[in-house]
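Okay, here's what each chain looks like letter by letter:
There are 2 protein chains.
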Amino acid sequence: MVSNFFDAHLQVLEKAVDACHTREFWTPYPEIPSRKIYGESAAADGEAAFKARLGRASRLKLPGSGGTVGTEFSPYGFPLDIKYPKPDIENVIAASKAAGRTWKRAPVRDRAGVCLEALNRLNRMSFEIGFATMHTTGQAFVMAFQAGGPHAQDRGLEALAIAYQQMTRTSATAIWEKPQGKHDPIRMEKHYYVAPRGIGLVIGCATFPTWNSYPAIFADLATGNTVIVKPHPNGILPLAITVEVFQAVLKEAGFDPNTIMLAADEADHPIAKDLAMRPEITLIDFTGSSEFGVWLEDNARHARVYTEKAGTNCIVIDSTDDFKGLMRNLAFSLSLYSGQMCTTPQNIFVPRGGIETDEGHKSFDEVAAALGGAIEKLLSDPARATDILGAITNPASIERLTNMAATGDVVLASKRFNHPAFAEARCHTPLLLKSEAAERDQFAQECFGPISFVIAAADTVQSLDLVRGLVREKGAIILGIYSTDQNVLKNAEDVALDVGVALSVNLTGGIFVNQAAAFSDFHVTGANPAGNACFTDAAFVADRFRTVQVRAHV
Amino acid sequence: MVSNFFDAHLQVLEKAVDACHTREFWTPYPEIPSRKIYGESAAADGEAAFKARLGRASRLKLPGSGGTVGTEFSPYGFPLDIKYPKPDIENVIAASKAAGRTWKRAPVRDRAGVCLEALNRLNRMSFEIGFATMHTTGQAFVMAFQAGGPHAQDRGLEALAIAYQQMTRTSATAIWEKPQGKHDPIRMEKHYYVAPRGIGLVIGCATFPTWNSYPAIFADLATGNTVIVKPHPNGILPLAITVEVFQAVLKEAGFDPNTIMLAADEADHPIAKDLAMRPEITLIDFTGSSEFGVWLEDNARHARVYTEKAGTNCIVIDSTDDFKGLMRNLAFSLSLYSGQMCTTPQNIFVPRGGIETDEGHKSFDEVAAALGGAIEKLLSDPARATDILGAITNPASIERLTNMAATGDVVLASKRFNHPAFAEARCHTPLLLKSEAAERDQFAQECFGPISFVIAAADTVQSLDLVRGLVREKGAIILGIYSTDQNVLKNAEDVALDVGVALSVNLTGGIFVNQAAAFSDFHVTGANPAGNACFTDAAFVADRFRTVQVRAHV
Chain A
350 MVSNFFDAHL
360 QVLEKAVDAC
370 HTREFWTPYP
380 EIPSRKIYGE
390 SAAADGEAAF
400 KARLGRASRL
410 KLPGSGGTVG
420 TEFSPYGFPL
430 DIKYPKPDIE
440 NVIAASKAAG
450 RTWKRAPVRD
460 RAGVCLEALN
470 RLNRMSFEIG
480 FATMHTTGQA
490 FVMAFQAGGP
500 HAQDRGLEAL
510 AIAYQQMTRT
520 SATAIWEKPQ
530 GKHDPIRMEK
540 HYYVAPRGIG
550 LVIGCATFPT
560 WNSYPAIFAD
570 LATGNTVIVK
580 PHPNGILPLA
590 ITVEVFQAVL
600 KEAGFDPNTI
610 MLAADEADHP
620 IAKDLAMRPE
630 ITLIDFTGSS
640 EFGVWLEDNA
650 RHARVYTEKA
660 GTNCIVIDST
670 DDFKGLMRNL
680 AFSLSLYSGQ
690 MCTTPQNIFV
700 PRGGIETDEG
710 HKSFDEVAAA
720 LGGAIEKLLS
730 DPARATDILG
740 AITNPASIER
750 LTNMAATGDV
760 VLASKRFNHP
770 AFAEARCHTP
780 LLLKSEAAER
790 DQFAQECFGP
800 ISFVIAAADT
810 VQSLDLVRGL
820 VREKGAIILG
830 IYSTDQNVLK
840 NAEDVALDVG
850 VALSVNLTGG
860 IFVNQAAAFS
870 DFHVTGANPA
880 GNACFTDAAF
890 VADRFRTVQV
900 RAHV
Chain B
350 MVSNFFDAHL
360 QVLEKAVDAC
370 HTREFWTPYP
380 EIPSRKIYGE
390 SAAADGEAAF
400 KARLGRASRL
410 KLPGSGGTVG
420 TEFSPYGFPL
430 DIKYPKPDIE
440 NVIAASKAAG
450 RTWKRAPVRD
460 RAGVCLEALN
470 RLNRMSFEIG
480 FATMHTTGQA
490 FVMAFQAGGP
500 HAQDRGLEAL
510 AIAYQQMTRT
520 SATAIWEKPQ
530 GKHDPIRMEK
540 HYYVAPRGIG
550 LVIGCATFPT
560 WNSYPAIFAD
570 LATGNTVIVK
580 PHPNGILPLA
590 ITVEVFQAVL
600 KEAGFDPNTI
610 MLAADEADHP
620 IAKDLAMRPE
630 ITLIDFTGSS
640 EFGVWLEDNA
650 RHARVYTEKA
660 GTNCIVIDST
670 DDFKGLMRNL
680 AFSLSLYSGQ
690 MCTTPQNIFV
700 PRGGIETDEG
710 HKSFDEVAAA
720 LGGAIEKLLS
730 DPARATDILG
740 AITNPASIER
750 LTNMAATGDV
760 VLASKRFNHP
770 AFAEARCHTP
780 LLLKSEAAER
790 DQFAQECFGP
800 ISFVIAAADT
810 VQSLDLVRGL
820 VREKGAIILG
830 IYSTDQNVLK
840 NAEDVALDVG
850 VALSVNLTGG
860 IFVNQAAAFS
870 DFHVTGANPA
880 GNACFTDAAF
890 VADRFRTVQV
900 RAHV
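Going down the list, the sequences are from chains A and B. Going by this note's numbering, the first sequence opens with residue 350, and the numbers climb by one from there. Going by this note's numbering, the second sequence opens with residue 350, and the numbers climb by one from there.
Just to be clear, a hint being listed does not mean it is correct.
Pairs count within a copy or across copies, as identical chains cannot be separated in the list.
Within a straight-line C-alpha distance of at most 20 Å, the following computed PhoX-like cross-link-like pairs (lysine-lysine) qualify [what the hints assert, rightly or not]: (1) Lys764 to Lys711; (2) Lys783 to Lys711; (3) Lys622 to Lys764; (4) Lys673 to Lys726.
Don't read these hints as lab results, they were simulated from the structure.
Chain A on its own, in the form it takes in the complex:
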């Protein structure tokens, strides 16, 4: 059974390995939520499956669990009212350890087969996962479908492919024959085994429960580690569905379903620290606040800790030959999912004296006003605004919007926005503020949510200097540059390489600085404080296992 899974999906795995090398466009999981692709009734079935979960107890079982947890509330204005088994940490760890005894000794191909089959099933459930993602994160449906479904599956497959490649980089066996001059050679038979670290704790985030967790889940499982998923208290369902799927596949393949478990909690009684500090936890993957990320890096010293934290993403505008395209592109980047992506630009540096464009010189104020206008225009159609903005995940972000509007120099005010289908949805348009290079305190912190600054700098040299300092100190996942001057582009590239941040150049079309495509774009470099891990480079997987060899004379 197990080896059927591997053989059935081997071609996908091989193509994924190849794509990770060529970095060309490729995906086995179509991103369009189309009936033609996913089936006539897929959308309706997925929504029905999602709705059938509301107000019920999760099907998941947890060994030694007593009681339930679950306080998920849709940013569209209603409680999910789903109850998950309340984890008893001692029992969860014991069960994970027990499951590991078989899992860690399973052949690489059997573990890869389980992961591939799970991905295949998750893909077929993309509509259900899409609705679960929408009503936990606040993403609009199409984005929730894509980011929670196929794009997350891509990231999972990518991590699996890199792990598979790294594990098979060393031959599993070798005959080692050393010449001895006139004498017979010495012959030895050697076996090389993948030895996993142990138990991986994967701590999910509120905004991208699956997309940000799949790389770790698949990398851990592929390399023989068991997994305990600790989702964000408001982002449980997408990961609960994921764990359900994995457990079913594991069972069919003859493995202990507890190889992966869900340990959910509530905001009032968080368990992440208690789990992380257990010595049995040897791997921790975390996406979320810099505060807790740094705490984990500093305190969970018994484990290998991989973090994706916060930063201050920057755009430097120097000049352009497509002013309208620039504004359209940037307006979309700032508005998409109400600026709640870890890749949303926050700080937009513009020379105080303005910029040269295809529409002639634009003063600093004209640039700021044009960006505000582009956002307003983009969101002027309510249906489109609904599709782009989604809803605010965390009520604290709305408070931040109000506070910053009150104290800042407002270019574009944020407005409450009525969602056509959900009257109580937390929908707000972006807030755009003006600032000065000298007022670094205003923009040097991450302001999570749809809040951005247009910042007046002396010139582009100062803009890039500010970026260099900010990224070094606070971290950043993306950097965008707009310039028609090759020297400026070269300087921006130098900054990007020096501080280790991905650079997007002159994006004016249908690609946005906050987007990262699996198999081609690396997400987070690991080289600045925004995170120590990268989706998905070799360093993300190589340290999750060791090679133990056994040798004997032939």
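Let chain A serve as the given structure and place chain B on it in line with the hints.
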């Protein structure tokens, strides 16, 4: 010039990459110190070159250095009296940073070319390096030639090959073309750059200055990091020669020679901590005591720290069909380089009731006595004894020999041994002691030097249990098992996989448990307290660089 180096040696690099995968026997650097291979006058020239260095100032220059250091003393009984520039840490770091500006932006092939050319020149200097190694470490000449020369070069090439493979795993450029249904596809051009961490500090050890440092030196340089080598105060010369060679190659290739620098010190004024705690140091590789290794892991949190520390290597004897071969093999393992290898077995577990052999049943005492006898026989010929034992690196080991003989249950006493050529050489034969499973305190610490225990256990089950606990708690690099019972071998394999230690099975011939061949044997797993790093798995190199991408519309 640079690209000539790469092209000239590309075939060697490609073969090395291939060998790292197949794990079959391969080496481009012959281990036999033969005139036919290295040239008629190679031995004499090498010795002359070594002698010409004695009593002189090193040719190395260090920016901003004032004064000299150097207290190396040959374990064969004379001071080397070589003076090296005394490092000023501030200036050394500034020079390393300055050199990095060019080095980190050099193409992968240019950096690999420099490394390959350096290896080629180092190989031709293997006799000189052999003498330098002999008179710093105390290794006998043939071993010093091999371990300090070709075997170290193998390890350097291996690390370079793995680094090269990991860096080229991602294509350097890609055209990413995403279909847009009926519309034109979105096309983007992407560039992927290797972004090194910064400055690598490589802290050498007293016993294998080159062999244990080359993996880090080559991995760091290949991935674009600059290197500061801090040798052991008594193991400077082999690394000084290495740095000389690198600096010459760098200069010829148009790079800053300070891309690699030697920062030597004296035991009375150690500088390793001061260097390690500089925030500019982003990578640290250390081979040496567990105490300092753990200190680095705990304190140098700003850097990625790779350690190779100490442990208690174990042998479990259950039964054998070649008693004489077993004893011969083990006697050699215990005697080679006077037990000063990090892979020398220390604890030999034998059932209290004795073992079954091809020579009939042997009681515990008979096994212990046979091992003592095999060591005596092996070392009965003074010429052979000289070649095998070498000299004691650290006088503290001789003190330990005396103290342990006084308090322990002696099977074979250690004897002072007269070296035919060096009257003052610190030569001593191994000490073999008896112990009991219950007297864990006696053997649970690393006893560095030619000191081993034959330990009586209830049975092999207890032996393996003891090993499991010891390796988990204290660490180990190697484990040996002798048994004719397939179930016992399976159990030993389970222990090895569980605690992450390399296992050698029934070694009775010309391969010894303490030997590890590059391209085939992994040295240290990284999975137990004997070290967190492995020569050379992907994890050893993958985290030394990051990938920074730049993308733009085509």
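Okay, the hints, checked on the actual structure:
| no. | hint | in the structure |
| --- | --- | --- |
| 1 | Lys764 to Lys711 | neither (27 Å within a copy, 89 Å between copies) |
| 2 | Lys783 to Lys711 | within (16 Å within a copy, 87 Å between copies) |
| 3 | Lys622 to Lys764 | neither (37 Å within a copy, 56 Å between copies) |
| 4 | Lys673 to Lys726 | within (12 Å within a copy, 89 Å between copies) |
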